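Chemist: With chain X held as given, fit chain G onto it using these hints.
The primary structure of each chain is shown beneath.
Number of protein chains: 2
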Amino acid sequence: MGTKKNVKTADHELLSLRRVAIDTYRENVAYLHRECELYRAEGFQALSKVLIESDSHRIHALLNVVDDTAIVAPGELGLAEQAFDQLGLGEGTAVRVDHAEPPASMDAVRRKIGGEPLRLEDYRAITRDIVANRYSKMEMAAFLVASGQSGLDREEILFLTRAMTESGERLHWHEPLVVDKHCIGGIPGNRTTMLVTPIVAAHGTLMPKTSSRAITSPAGTADTMEVLAEVELSPGTMHKVVRRERACLAWGGTAKLAPVDDILIAVERPLGIDSQGQMVASILSKKLAAGSTHLLLDIPVGPSAKVHHMREALHLRKLFEYVGDRLGLHIEVIITDGGQPIGRGIGPVLEARDVMAVLHNDPDAPQDLRQKALRLAGRILEFDPDVRGGSGYVMARDILDSGRALAKMQAIIEAQGKQTERFEPGHLTHEIKAPRNGVVSAIDNYQMSKIARLAGAPMDKGAGVDLLKKLGDPVKKGESLYRIHAEFPADFNFASTLANNNSGYRIGDEVAAEGPPP
Amino acid sequence: MGTKKNVKTADHELLSLRRVAIDTYRENVAYLHRECELYRAEGFQALSKVLIESDSHRIHALLNVVDDTAIVAPGELGLAEQAFDQLGLGEGTAVRVDHAEPPASMDAVRRKIGGEPLRLEDYRAITRDIVANRYSKMEMAAFLVASGQSGLDREEILFLTRAMTESGERLHWHEPLVVDKHCIGGIPGNRTTMLVTPIVAAHGTLMPKTSSRAITSPAGTADTMEVLAEVELSPGTMHKVVRRERACLAWGGTAKLAPVDDILIAVERPLGIDSQGQMVASILSKKLAAGSTHLLLDIPVGPSAKVHHMREALHLRKLFEYVGDRLGLHIEVIITDGGQPIGRGIGPVLEARDVMAVLHNDPDAPQDLRQKALRLAGRILEFDPDVRGGSGYVMARDILDSGRALAKMQAIIEAQGKQTERFEPGHLTHEIKAPRNGVVSAIDNYQMSKIARLAGAPMDKGAGVDLLKKLGDPVKKGESLYRIHAEFPADFNFASTLANNNSGYRIGDEVAAEGPPP
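Residue numbers (numbering that gives the first Met the number 0), protein chains in the order written: chain X, 0 to 517; chain G, 0 to 517.
No lab work stands behind these hints: they were computed from the structure. Bear in mind that the values here come from a model prediction, so they are computed numbers and not experimental data. For glycine and all other residues, C-beta sits at the position ideal for the given N, C-alpha and C.
Facing chain G, according to a computed beta carbon distance under 7 Å, are these residues of chain X, among others:
#1 A20
#2 A69
#3 I112
#4 K136
#5 M137
#6 A145
#7 G147
Estimated spans, in silico, between C-beta atoms of each pair:
#8 X:R325 with G:P116: 34 to 42 Å
#9 X:H359 with G:S47: 33 to 41 Å
#10 X:W172 with G:N499: 51 to 59 Å
#11 X:R325 with G:S440: 43 to 51 Å
#12 G:T428 with X:S53: 29 to 37 Å
#13 X:P362 with G:Q85: 55 to 63 Å
#14 X:R421 with G:S47: 27 to 35 Å
#15 X:H56 with G:D363: 49 to 57 Å
#16 G:D66 with X:S401: 46 to 54 Å
Chain X on its own, in the form it takes in the complex (with noise of 0.2 Å):
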C-alpha cells in the first residue's frame, strides 16, 4: 500500500491531455471514456467534479463520460476548449485526475441557506473559490438564490463588495478624481456613455472609462463603441490612451477587474434572478476595482426598467450610497425617466448612428439621447471642485455645441485605434406598422430588446431595432412604428415572427392620456 505521493506520481495512473473542441461557456468539462483502464469512468460518480493536475499545474473540472474514441481514448483525459485554455498546457501533457474535494466555501453557502448572515471572511472565501472554477454553475446557483432570497443585509453587501473587488485586478490612477458612470440598465438605446465621456474628458477631468459587452440586451457600451474604434485594449494601451486623452472607453474585460462578476452574472442572468444585493457588489465592485473615485449612478424608473416604482429606486440608492461611503467611492445617484427606450436606435451601428449625430449637433439627431447625456454629464462636471454647484449642465451643454465632445470623441478613437471594418445597418428590412389611427401610448422595453437580440445584436453590429415613433407621437393605421434590421435570414425571421405576434407599441386613442371616459 502506498502513501499518497506514490500514488499520484505512478506513471500508470497518467493520461494523455487532449483539447476537445467544444466550446462549454464558463464550466470547466472534462472528457474520460469509459473504458478508461485506470480510473474506469464509472468509479468517479455522474456529475461528480474532478481535480486534473500536473507537477505545476491544476484545474477542476465536471466529468462527462464518452463512448467515442474519435473525441477521447481509454489513455486520454480530454478538456472542453475553456478548461485546456485555463489548464494551459499542451497537448500530449501527462496529467493525474483525482476526486475533487467540494469547494470548502460551499459550507458557507450552505449556512447562508439556513438563513445565517456571513462574515466577510465567508464572502471571501467564496469569491476566490469561485475564481477559481471549484464551483459548479449549479453552485453557484445555489450560492446567488441563498443570497437573494433571505437576502443581504447592508453589512453583508460591503462584505460581498470588498471581497468580489478582491478578486482580481485594481487600476490606479494616481489622481484624486477619478470620475464613472454607471446605469443600472434595462433601458434599450440608452448610449449615453459615449456622449457623457467625452464631454467630461474635454473638460479635463479624468474618465478611464470601461465598459461590459451585452450578456441579455441588445448592445452594452463595448459594443457600440466596437463599431467605432478597437475597445480590446492591453492594460497598457487603455492607460496610454487616457494620459493623452483623460478618457478612454475601453471593454473592461481585458482588466480582469472583479472577475468573479462575470462569472456570477453568467449564472445570475439565465435563472432570471435579480438581487438588490447581488447588483450592488457587482457593481461598486467594478467601478472599485476600475480605481474610480466618484460615481454618477444612473436609476431609470418605468413600467418595464428593471426598477419599475420611485420607493425601490430610493430603497436601492440607500444601499449604494451606504456601501460607497465605506469603501472610499463617492456615489451620487440620479433617478431618470424609463419609460421607453433612449434615442432611436437599439443595436450596436444603429446606436453609434445616433451617438455620432448629437456629437455632430445634427438637427435630426434624437434630442432624448442629447438631453439626457448633457444632464448626467453636467452632474459628472460638479464633481470637479472648481465647479460651481448647477453650473454643470450649461458648461457641458457648451462643451457639445462647440464641436469640442466631438473632436474629444474622435481623439478617443484614434488613440484605440480606429476601426477598420466598416459596419452598416443590416440589410434585410422588416417595418411593423400601426394597426390603428392613435397616439403611442407605451413602448415595452424588454420587447424591445428581444427583438433586437433575436435579430442578431449584439453580435451582428448591424442587427437591432429603429424606432420612427416615440411615446405620444401620433400615428396613422399603416404608418411604420420601428424597423427592424437583421444580417441573416434566420435570426431575420425569429425577429420579425416576434414582432408580429407582439409589437411591443401601445396605440392609445389621442383622448385616452386624460383617462377613460366616465
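Modeler: Coordinates of chain G only, in the frame set by chain X:
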C-alpha cells in the same frame, strides 16, 4: 415576411440529427457547429436553451458550440446520449432548432425565492416542467435552494408530495394492506429490507418492495439484492413475482415511480443540501406511487447519521404523519440507534453475505442486523389487523428461526431470476490497524461510507469495507479494525490512502465510557 408556420417548415433550416457519444447524465446537451450556416451558433446565446423538434417529437437541451467536424458538422445537430434517446428519433432525421422559452414555472420558483408560499398548481407546473426536461441543472438548483431556505410549510410539503406522486406511473395492487418500509438513510450496511421483506411475505402480508440504487452511499438495497438476483424487472415480471411470492425486492427505476424525484436527487446530492420538505415529499411520493397503504419509517439518530438529535427526529415524524394522513398512507415511525454501521459488511457483496448469514441462522451472523430486522419486521406484521399488538416481534423471530424467511428469500430470488454472475469480495485488500490499546469509542458513518465508495462500491459489487471491530469492542495496538476490499488498483489506492489518513475509528481508554478521571 412569413408567418411562424412558414418559418418553421422552410427546408433550408433543417439540420440532420446526429448522436454524439457523450454521457451528460440527466442534462440534455445539444451540439451545434460554430460555422453552422443557417443558425450560426453565435445567434444562440451561450448557456441558452434550445428547442429541438421534428413534426412529432420535441425536447429541450442546453447548447454547446463545437469547433470540430468530427464531433458535429455545420449541417448537423448533435445530441448527447441522453438527449438523443429522449428525443427518440434516428440519426439523419431532419430536425428544427428554435429558441426555447424558459420554463413557465420558473415564475413560481422566482416567487418562492421571494419568500412566497406556492400553491398546488405551482408545484404541479414545476414537476411537469422538470419531468419534461425543461429545467437546467441551474434552474433545479434554484428551486431546491429556494424551497430549502425559506422552508416549505406543511401544506406546501403536502402539495409537493402530491405533485411528485402524479409526475409518473402508479402501481395498483387491489388489496387493502400493502406494506412498505423505508429508512431515511445515512447508516452504512443497514440492509434490513432484505430480511424484513421475506419475513413479512412469509407471514402472507403483501410487500412489493421497490428500492433505489445508491447515489451517494456505498450500496442501495437494489445494488445488494443484485448480487443474488435480477432486480431490473419489467412491470409485468414484477407483478408476476409479487402475485406468486407476496413480495419482491426490485429496483424501482423501471417502474417510473415519481420520476421527478430521481431528477431532483441528482442535483440535490452533489450540492449537499438537505431540505426536510424535499425529503418528506421524495420518500412519500415514491411510496404512494408504488401503491403502498402502510409504511414503517426508520429514522436513525446519531452524531454521524442524517438526523443528529431526537428533537429533530420528532419534528420529522410529525411532518411525515401530517402528509401521510392527508394522502391516505398510514405511517408509523420508529427511531433507531444510528451510532455506527449496522452489520459488518459495507458494499453489495459484503452486505449480501451478512444478510444470507442471518437468514441461515448462522451463529456468526451479525446480531445487530438480526435484531434490528426483527424489530422492524415485528412492527410491520402488526399492521395486519389479525396480529395482536405486541406479538409481532415474536412472530418475526419464529419465522426467521424456523427457516421460513430463508425459504421465502430463495423463492423470491428464483422468481426474479437468480443472478448468473458470481460475485466475490474484491481481491485487493488492506487492513487498517488500531493505533493503540483501548476500546472502540466511535465509528464515523460518513467516513466509512466514503472509504467504501472510493474502493469502488457500489459499481464494483465486491468492493467495500468489512468491519472487524464495532463500538465497545476492546482492541490491541496493531490489531485490525476493518478490511478494505477493492477490485481495481486505482480505487484501491484512493480508498487506502483515505483510510490511512483518517480511519473513521476512535479508540478510547477502557474507562472512557465512564467519563474522564476527575
